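The task is simple: from the sequences and hints, build the whole structure.
There are 2 protein chains.
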Amino acid sequence: MSYDFLWHIALILLSTKVFGLVTRRFQMPQVVGALLAGLLLGPAFGLNLLPSDSEMIEQLAELGVIVIMFSAGMETDVRDLKKAGKSGFIIALLGVLLPLFGGAAVSAWLSPTDDMLQNFFIGTVLTATSVSITVETLRELGKLQSRVGNAILAAAIIDDILGIIALTMITSLSGDGESMGMVLVKILLFLLFCAVAYVVGVRALDWYIHRAKDRNLRRYPIAAFVVCLLMAFAAEEYFGVADITGAFAAGLMIGATKKAGYIASKFEPVQYLFLAPVFFASIGMSVVLPKMTTELIVFCVLLVVVAVLSKWIGCGLGAKLCGFSTRECNQIGLGMVCRGEVALIVANKGVDIGLMPQELFGPVIIMVVLTTILTPILLKMAYKGETETHLQERSFGMRREDLENLDIVTDRLLKQEKEMKHQ
Amino acid sequence: MSYDFLWHIALILLSTKVFGLVTRRFQMPQVVGALLAGLLLGPAFGLNLLPSDSEMIEQLAELGVIVIMFSAGMETDVRDLKKAGKSGFIIALLGVLLPLFGGAAVSAWLSPTDDMLQNFFIGTVLTATSVSITVETLRELGKLQSRVGNAILAAAIIDDILGIIALTMITSLSGDGESMGMVLVKILLFLLFCAVAYVVGVRALDWYIHRAKDRNLRRYPIAAFVVCLLMAFAAEEYFGVADITGAFAAGLMIGATKKAGYIASKFEPVQYLFLAPVFFASIGMSVVLPKMTTELIVFCVLLVVVAVLSKWIGCGLGAKLCGFSTRECNQIGLGMVCRGEVALIVANKGVDIGLMPQELFGPVIIMVVLTTILTPILLKMAYKGETETHLQERSFGMRREDLENLDIVTDRLLKQEKEMKHQ
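Taken in sequence, the protein lines are chains A and B. Take the first sequence: its position 383, counted from the start at 1, is 393 in my numbering, and no numbers get skipped. Take the second sequence: its position 386, counted from the start at 1, is 396 in my numbering, and no numbers get skipped.
Keep in mind the hints are simulated off the structure, nothing from the lab. This one's a predicted model, so the numbers in the text were calculated from it and none came from an experiment. Don't take each hint at face value.
[Claimed, not checked] DSBU-like, lysine-lysine: derived pairs with alpha carbons at most 35 Å apart: (1) A:Lys-330 - A:Lys-390; (2) B:Lys-390 - A:Lys-223; (3) A:Lys-96 - A:Lys-394; (4) B:Lys-394 - B:Lys-330; (5) B:Lys-96 - B:Lys-268; (6) A:Lys-390 - B:Lys-223.
Following this line, the structure appears as structure tokens:
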């Protein structure tokens, strides 16, 4: 056996963390750094420090994205979706539809394909908001616990679900020449399967947990992981749905059990200490820098413009329909602009199943990085005048803390974000 | 990409845990159950539920054993070694030498090879005591905090180190025809490398931890993992030493830093939730049931007999030299009989590098399982009369708890064991 994989994993862990800390210093999420690390390690710049054909890294990356989506599912409280109510739903829906059609339009105009599915796939990549940057910015502005803050958080939860539905529809339709009817039947069966698994699973687990007198046992996270893997596998194998959809559904289910917090805490190190870095690095590694044709550059620019405008206008319009003031609509729309790991996960899935050409990966990453950088800037502008003094105070307090201890601040922010969701 | 590996990992996690819980009910460690699960999943009984040629599972298992040895290193306090003192060292040394030569004698007598290295490798497999079963039994008897208990714990720590040294010597010598002198130079260089890494690493990490105001940051476990992987890789690649030796040395180093407890707590779920089950299952899977020749059966019986007698007599003799009473020597000797994961890890390494024939894996597993079952029985007999009433009380209190909540009891025992070591 060759032991090179030990060196490869060490290199991935080290580089993603170091680059992540660097990007964090520049007020960008660590994910951006991890992507950059992957870009450097891979063939994009000719360094080729990691093999691009390692089955191990490919499968670990897949496990990584499954665990990421599983954790995202665990953090989503199904009961919150009901509470989020009409306004959250309308903001999210318009904020999904406009990027979906906007992305499809860009693709239809510029991409060489006539396949409508491929075009709509580009749209799907643009649907999911990554709200953590916005939460960080709103906290800094002292505006998280406001009408606008609540609307953004509610919409972001629903946004994720709608994005997953869009992904499920499109990947299912891309299956090997099955009829539209058959695909819909399979999706319905999958939803039925998830619903039954949810109801039965939550009760069975809670019964077992109760029987074991509510103690924290190692078997719970293990059982949760088994459920996650089996649902991911079943989704792909029996329903023609993406494995990450199955993992997300499993996460929703585990998240509704009594030991959700304990289980999630055990998945956290598995994720950040091992699997997630491999996934993000592998995303970066899978970027090939193609001959930068004018077409590709135009595509890239248009993609970024459409990504920003479609969310801004879509969510803003939704907010307007729900009776928010124009100023607030502006703030809500801009707060939803940021894209993150979900866009990368979806794009990666698209390349895997042949719905997205490999060379479009670069533009997608550029889109994610630029929306991440632009969101806090635009959002601060949208609040200009409103919180002038407050802003200065807070941002100074924040910056010092940030520099001292970046991880803990994030952890706290994410916890507070989650608490916000539960209000 | 095929998604079968999701199903394979789910199967491994589920079966090792279920079998582990079953063996725990029968007062055996969960490792035994995990091995049985692997036996069933693999080719041994013709079920072949898992592919025997998966690169992914092979490499994950290797990562698993690296993380297990790394954690073992983190739990070993280098300062304890000094405190354990002369008596612990003498007990451990004789308890390593007798099994080493005893195992070599059995192999020389029955195995078809004339290679002395292969013979001594069988001896090396027999060297390392697994003390957790003994600790559990002594607690049950109310005898853990006694002169005998302390001697056993001290000897077990040194035992591990001596076993690692034996493994390092023998695997290095098996390298591709290098001269004995070159091998020794490489081992010395490796020890020097470890010593320098230890001194520099502990200081650098503690400096960084102090600089970050002693908070718990995610980067510490990540850095620890990187160090572990790099030292495991360097050991194999540059010094011709086993990767698990490098991982163990890295564990010693991380265990001496200020954040050892925090780092270890993050590796725990990575280990039990993912990597360790894959390793133990893969051990079980790698067992081929060869044509059960008379020779192999005799080998198996002799191996078990020598495993029990050599530790019993070796450690007992060592204790006698240190002035323990004959009754106490008996108790110490029997307390050290139990073998566990380290024997499996060493044997596995031997098969990998061609120092142990594949068909001897079955006997080694039988040896581990039988010594695990025999140790508590023999130990209780050795204490007969001494603690009659105490025993009944304790064992009842223990048994009820055990049935209610097996994992937590183990955790507590291991923690207490560790505390014991620190006394």
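Hint-by-hint comparison with the structure:
At roughly 20 Å between alpha-carbon atoms, Lys-330 (chain A) and Lys-390 (chain A) fall within 35 Å of each other, so this suggested pair holds. With a CA separation close to 31 Å, the supplied pair Lys-390 (chain B) and Lys-223 (chain A) stays within the 35 Å bound. Restraint check: the Cα-Cα separation between Lys-96 (chain A) and Lys-394 (chain A) comes to about 29 Å, which is no more than 35 Å; the hinted pair holds. This hinted pair checks out: Lys-394 (chain B) and Lys-330 (chain B) have alpha carbons roughly 20 Å apart, not beyond 35 Å.
Annotation: proposed proximity of Lys-96 (chain B) to Lys-268 (chain B) holds, straight-line Cα distance about 28 Å (limit 35 Å). The suggested pairing of Lys-390 (chain A) with Lys-223 (chain B) holds, with an alpha-carbon distance near 31 Å, which does not exceed 35 Å.
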